[in-house]
Amino acid sequence: MIRVLEKHVADKIAAGEVVERPLSVVKELVENAVDAGASSITIEIKNGGKSYIRVTDNGSGIHQDEVLLAFMRHATSKIATDADLLEIHTLGFRGEALASIAAVSRVELLTKQAASKLGKRVSIAGGTILENIETGCPDGTTIVVTDLFFNTPARLKFLKSDKAESSVIIDFLSQMTLAYPEIRIRFINNGNILFATNGKGDVHNNILTVYSREIADSLVPVHFVQEEISVSGYISSPSVSNTTRRNQIFFVNGRIVNSRVIEKGVSDAYSDRLFAGRHPSAFLFLEIAPNKLDVNIHPNKKEVKFDNNALVTAVVKSAVTEALTTKEAIPQVKEKNIFRMKENSDYYTMPLSKQESQEVFFNKESVEAEKNTERETVQEVKAATPQLDIKSLLSTMRAEEIKKEEKKAAVQQFEKTEKGAAPAIFASIKTPAVKPFDFSELCVIGSVFSTYILLSDTESLYLIDQHAAHERVFFEKLLAEYEQEEKVKQPILIPLILNLPYGVKENAGESLKQLETFGFEIEEFGPKTYAVKAIPMFMSLSEAEDFLHYFTENVSDDSMIYDQNKLEKLMMSACKAAVKGGDLLQREEIEALLAELSSCKNPFSCPHGRPTFLRMKKYEIEKMFKRV
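For the sequence shown, the residue numbers in the working numbering are 1 to 628.
Check each hint, because a few of them may be wrong.
Unchecked claim - Computed cross-link-like contacts, PhoX-like style, restricted to lysine-lysine with a CA-CA straight-line distance of at most 20 Å: (1) K317 with K292; (2) K513 with K533; (3) K292 with K305; (4) K601 with K317; (5) K46 with K157; (6) K623 with K334; (7) K305 with K317.
Everything labelled a hint here was simulated from the structure, so no lab data went into it.
Based on the provided sequences and hints, a complete structural model is requested.
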């Protein structure tokens with residue numbers, strides 16, 4: 001028998017798609033606050049958000065006549081027609097959040113618009129309105145959600161531990177601090193302030209605040225515009241990597257997204273810069289015309305579809321690759337700070353005052369506390385930090401920031417499309433402009449330990465690993481020769497003879513043919529020998545000999561045959577023919593190596609992912625000599 005479900009049953013079912021766990025509630029409420037134009041948002045949770053969630057903002061508020069309407073399903077101010085789905089400029093638009101939250105919890109809402117003398121207070125439990133009165137309150141909106149899933153015990157049973165639920169909320173809020181650095185975001189967990197941002201629009205500072213100094217110090221700025229796609233943000237230097245992609249966070253038009261398309265662009269850019277199984281940190285912001293993507297895929301709005309996946313991947317790869325060729329991508333040698341702050345989340349935990357920890361929510365004291373959020377945040381952060389540590393930290397940061405500010409440039413406004421300009425979501429984010437590394441500014445000082453080349457410019461001292469640098473040069477030449485249809489060969493007067501054991505000779509034929517793709521000319525010369533009559537034009541005779549010697553030693557290795565990936569592994573291994581550490585290079589040889597390195601697509605790491613450069617800033621040297 002088919003029947004129409006009662007409203008409260010249907011609401012519970014529908015709510016299950018939107019509200020999966022406490023994180024869902026926090027996400028929807030915070031995004032609503034952002035859409036309301038808030039410059040300050042405070043989030044408080046208890047017991048992982050299961051028993052208590054409070055989100056307070058100073059945004060535009062809700063008109064008194066529309067407060068109850070906001071709790072109706074599919075009621076929204078963000079869109080009006082299906083055509084609006086092609087031009088979504090807000091984080092929310094489905095009109096499901098408040099209705100879904102109210103259906104499976106107890107909700108109290110306090111809201112007021114700046115033009116109104118009084119605000120509205122509404123209480124709802126399980127979708128039933130308990131209270132709807134006028135009241136005095138500050139501008140903006142505060143929503144308290146308690147007893148989540150009290151009327152759906154099956155859903156409550158499957159929630160994870162308080163710690164696990166808190167962890168995913170922290171991850172989300174950490175990401176929001178990066179997407180909206182111009183908003184002051186304060187997070188309180190079980191009566192402790194976990195972190196608080198200053199709302200000054202500094203993404204890098206927010207990374208330092210909510211992630212770690214190690215990550216923040218390794219970051220390289222990205223700023224790139226191509227094909228009506230803007231990419232900005234930060235990536236890590238290849239010298240700092242992770243075993244997972246946990247620190248890869250992507251934003252599209254201000255929305256946190258999961259995207260294999262963007263992820264592939266990042267991976268491709270680092271493909272020959274990192275060892276297998278290692279992943280960089282990446283905090284990337286993409287701006288693209290809303291009509292070029294679809295965000296209406298899933299209620300959580302984290303999934304997006306692009307009109308042209310290949311184009312997005314290519315642009316991201318180009319953006320990251322360009323950033324990795326700047327001076328900032330070179331690993332830096334720094335003085336260790338003995339006063340460095342403890343790098344764990346417990347450090348940032350700050351106890352609330354008695355006033356803030358009170359359960360009473362809608363009272364005069366609570367309202368006054370929210371009005372003074374910014375002042376409290378600054379005072380609490382200062383009070384929680386040991387004096388000696390913070391002085392040392394700020395001294396270092398201040399000096400670094402002075403230099404960084406000189407290189408900062410305003411993010412370019414997104415190019416207008418036929419249907420109008422894309423939202424200037426990141427207009428307040430100052431992203432340093434990237435500048436390709438200029439080898440012509442380097443001055444050769446000499447050689448150290450017959451292994452490292454010492455150079456300098458006006459700002460820094462550099463060490464180049466001559467072996468790693470030559471590996472890079474050799475690899476890119478080899479790869480370029482492989483990709484050319486016509487191989488450029490140079491005949492040699494006396495052929496090079498390759499002697500192979502009988503056991504290897506049986507399996508070597510197909511493998512040796514691979515050498516012809518690099519420009520070698522090889523003929524069978526005897527029962528277990530081959531004669532090499534020509535070598536690639538870019539190789540010297542000694543380089544060719546070393547290359548062939550290594551090849552014949554490993555010719556039976558399965559990694560050397562057939563597919564492109566395996567062939568690239570062969571080429572990286574063959575770079576053993578490069579100049580060795582301990583080989584003393586003359587000045588002319590050093591200058592020739594630098595000239596060749598400067599023409600490489602990736603001069604800052606060898607094909608195995610090891611750095612070719614190390615950099616020490618003048619400031620760091622002066623610190624160690626106690627001059628600053």
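Hint check:
no.	hint	result
1	K317 with K292	holds (19 Å)
2	K513 with K533	holds (14 Å)
3	K292 with K305	holds (9 Å)
4	K601 with K317	holds (13 Å)
5	K46 with K157	holds (17 Å)
6	K623 with K334	holds (9 Å)
7	K305 with K317	holds (18 Å)
Violated hints for the displayed structure: none, as all numbered hints are satisfied.
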